[in-house]
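Visitor: Chains B and P are the protein sequences, given in the same order.
Take the first sequence: its position 163, counted from the start at 1, is 163 in this note's numbering, and no numbers get skipped.
Take the second sequence: its position 325, counted from the start at 1, is 325 in this note's numbering, and no numbers get skipped.
Errors might be hidden in some of the hints.
Stated by the list, open to error - Here are the simulated lysine-lysine pairs, DSS-like style, with alpha carbons at most 30 Å apart:
no. : chain 1 : residue 1 : chain 2 : residue 2
1   : B       : Lys170    : P       : Lys392
2   : B       : Lys241    : P       : Lys535
3   : P       : Lys535    : B       : Lys170
4   : P       : Lys180    : P       : Lys210
5   : B       : Lys165    : P       : Lys531
6   : P       : Lys180    : B       : Lys325
7   : B       : Lys56     : P       : Lys531
Simulated from the structure, these hints should not be mistaken for lab results.
From a predicted model like this one, the values you see are computed outputs, not experimental measurements.
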Amino acid sequence: MNRKTDIVVVGSGIAGMTAALTAAQSGKKVTLLTHGVGSLAISSGSIDVLGYVNGKAVADPFAAMADLPENHPYRLVGEADVRASLDWLKELCGKAGMAMQAGEGNQQLVTVMGTLKPSWLTPLSFHAEAIEDVLRVAVVSVEDMKDVHPGLIIDQLQRYPALAKKEFVKAILPNPIQQAHRNVTPLDIARFVERPEGLQWLKDSLAPYAKLYPVLLLPPILGMKHSQKIWEQLCSALNVKIVEMVSIPPGVAGLRLREVMKKALNEAGVYLVENTEVVRSEVEQGACKALTTVATGGENRWEADSFIIATGGLLGGGIGTAPGKAWETIFGLPLDMPENTEEWSSPSIFGDSLFARMGVKVNEALKPVDAEGSVILNNVRFAGRILGGYDFATEKSGHGVALATGWHAGTLAGKE
Amino acid sequence: MKHTTVVIIGGGATGIGILRDLSMRGVKAILLEQGGIASGASSRYHGLLHSGGRYAVKDNEAAKECIEENMILRRIGKECVEESEGFFVLTQQDDPDFEKPWVEACGRAGITAEQVDVKEALRLEPALDPTIRAVYRVPDSSVDGFRLVWHNAMSARRYGGEMLTHHEVIAIEQEAGKVKGVRARNTMTGEELRISCDMVVNAAGSWAAKIVQLVGLEVGVQPDRGTLIAFNHRFTSRIINRLHQSSDGDIFVPHGSITILGTTSFHADRPDAHDVPTADILKLLDIGEVLIPNLRSYRILRAFAGTRPLYVPKGAAAGRGASRGFHVSDHSEEGLEGMVSIFGGKFTTYRLMAEKLCDLVCQKLGVHAECRTAIEPIIESASPEMLEKAAKYFPVHGVPLAANRLGEAFPVVVEKAAAMKSNPLLCECEMVSRAEIEYVAADPASQNLTDVRLRTRLGMGTCQGTYCSLRTIGALTECNTPFAMSPADNLRDFLQERWKGLRPALWGLQAREMDLGRAVYAATLNIDGAKNEQKN
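Same shape as in the complex, but just chain B (with noise of 0.2 Å):
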């Protein structure tokens, strides 16, 4: 099957389908292809936007982008764009009955490992600041949910100098969903208090701690589609502030939020083709003429005028290595690494390491370019984790970038 659009995009991450949608709202006739779930289904689902810079903490991202080396996508994509793609997405979610929010600074959410994490723009029961006008905090699970100790939570939290002196008391709920030696994740719980029965037990759950503690921590489990409703009823209700924790994969905030922008794409006519791969790339000249793709069913052959190109780094795909080489997947664009391995990385885990910020170099466009800087392939964009030149996971800038430099993509192909 050959079909034609104005534009291609590749990947089911932030990026791709931030990328995607700015494109279609310019009125361009959009397909995303995408392989797999992306990155959303193992994320905490707030937009991180840059937490540290070298080892430091930041407490406003935008004063400490000028930190950033130059080939930083946030330094290629410019502060403004930065900042509209947030307003973006916080209007896309906020439509959705979904509302994100940001507060003055970096705020601070609360982990299930008990520490802190720096983000930027999160949906409000994420919101953590009401710790710090109250003494007493109840922190709970729901037993058999292996990933989430209160015990440990509260441990860890009393290691901060502020908490100290706070008051944390454990509450374990009835697990609501007996399943004999199997995993009880929060998005198991999620799902159930999604249903009417499942709410009303959390509520009756709760009502007891809601009575002595003012404030309530719990791995994310209120609902899916629901849950900024979910968190106001529950909260007015018992008369307390809940807030939930950002939790390990399943990632069901992650997952909240791709379900809002996988209903934006379905409105804004985007064509979604799921589960397919990209085998091949047509290149003449300079620019892609196609992709092709292979699914159950054979091959596929996708024109378009324009192409960018989400499909992440090593997790997601974007990026393959052997030893010694790393290169971009689609079009087999070699990235620049060392040929021995030990010097892609550090000695430390979370030191600062070169394969960490291998990517694709692109200009201000976000268009790929050689040493030189000139341009390599002249229709084809790149956004999220495929680029160079940061690290999200130290930085705490990963949906950041992706967000960023998916809107900065879209809205430039919308323009063309």
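Chain P: place on chain B using the hints.
Guide: The following block gives chain P in isolation, referenced to the frame of chain B:
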């Protein structure tokens, strides 16, 4: 101050084997180990219970020892041995003239080496290169090094033996040419401990020379680094050896669902040279491909290195040329009474080494007691009733795994699981349940999450700790396990250990898996940033 008859230095297979042997003979002994049990070479090798085929031509005596000990261990340590058998394979690159002398040498050593038709061998092991020229079947086996050492430790404790982990020996006290005692420092707390004793046994493996230096003597122990790769697949049913003069990268040992490829042999300048150079891995892959052509398509779980404590008397050959035999040294010959050392050797013969050394110790102490370690099973096997009972509290497939790992502690853990409201699996890859982890963590020998990992195999499987380490430190904090490190530090330490094994092989599927780990622990949980913000 404590008092005992014998202080043993070194908690590897040899030292623990000696502790068990002495304890069974009624000699009081305390063992000191600077790290965790079996944290040195006893866990840093391929887990091959040699048939002796590898040594048949060059060192027929060592080969004989291997086959005899191999048969003994199958009997006394069956919970630790997977009777997988081995193939010796003559590839296109191997000298066909080696085949005949090898078969004869096996015969002389008492090793059954039965020729297998190449077609039949390829049917049994389809991952092998189809151009191989000859195949022999030998009684090689896989052995779980950690487990065997731990079972010996449990048995030793039952006989009254004592052991202290994370205790580094800092001095050996002497008076008038005779050993009086040992001073050690607890590496976790810094506290010092004195033990007075009649004898010291130095079984510190690659660290043995350091121990001997404490009394001003010198000895030819040469640490020799061997690198190994663990793959996340079992691509052969059997152990596969190259039929040639022993060399690098010529043994594949399958264990459960993984395979270990080893090893290299490089002179090391220190006993803890555990860093793995990428060059070693690439070399192993190149050589390994001769046997398994598809080798590079498998995900590497981790690479690791250990140091062989080669015994090299002055003027003898080092490296591959050095003998794999062992040597017992009585330091009274050098004017120091009450101290003996054991050097060299290999895991397969640990029991025999312990026996010979204990014979000498008993002779010097005037104790008349026979060695019984070759006859008495190391642990009592779990009864069918206990296995049936356990199935109520463990996933069915996890029952034999837990029973074999835990040995005599299995009934205790089953009781513990029965008393718990539920006993979830914390490590799904290796099927380790909460009851087992809590039991092991409460053992004084467990000082951190890494100690728990070594004993239970937690975090050693497919996820390499990405999922299980958080929930385990969570469960252990919940039940107030008194670790010296904070939970977050324990987790960082654990992840750092895993990182060490992955970093030199940072490509392909393993790089992808590692990126998930960074996403979870750094991007989502911020355990890197929190390090400087929380008290540890």
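Visitor: Hint by hint, say whether it matches the structure.
Guide: To see whether the hints hold, each was checked on the structure:
no.	hint	verdict
1	B/Lys170 with P/Lys392	29 Å, holds
2	B/Lys241 with P/Lys535	27 Å, holds
3	P/Lys535 with B/Lys170	21 Å, holds
4	P/Lys180 with P/Lys210	19 Å, holds
5	B/Lys165 with P/Lys531	20 Å, holds
6	P/Lys180 with B/Lys325	59 Å, violated
7	B/Lys56 with P/Lys531	12 Å, holds
Hint 6 from the list above is the single one not met by this structure.
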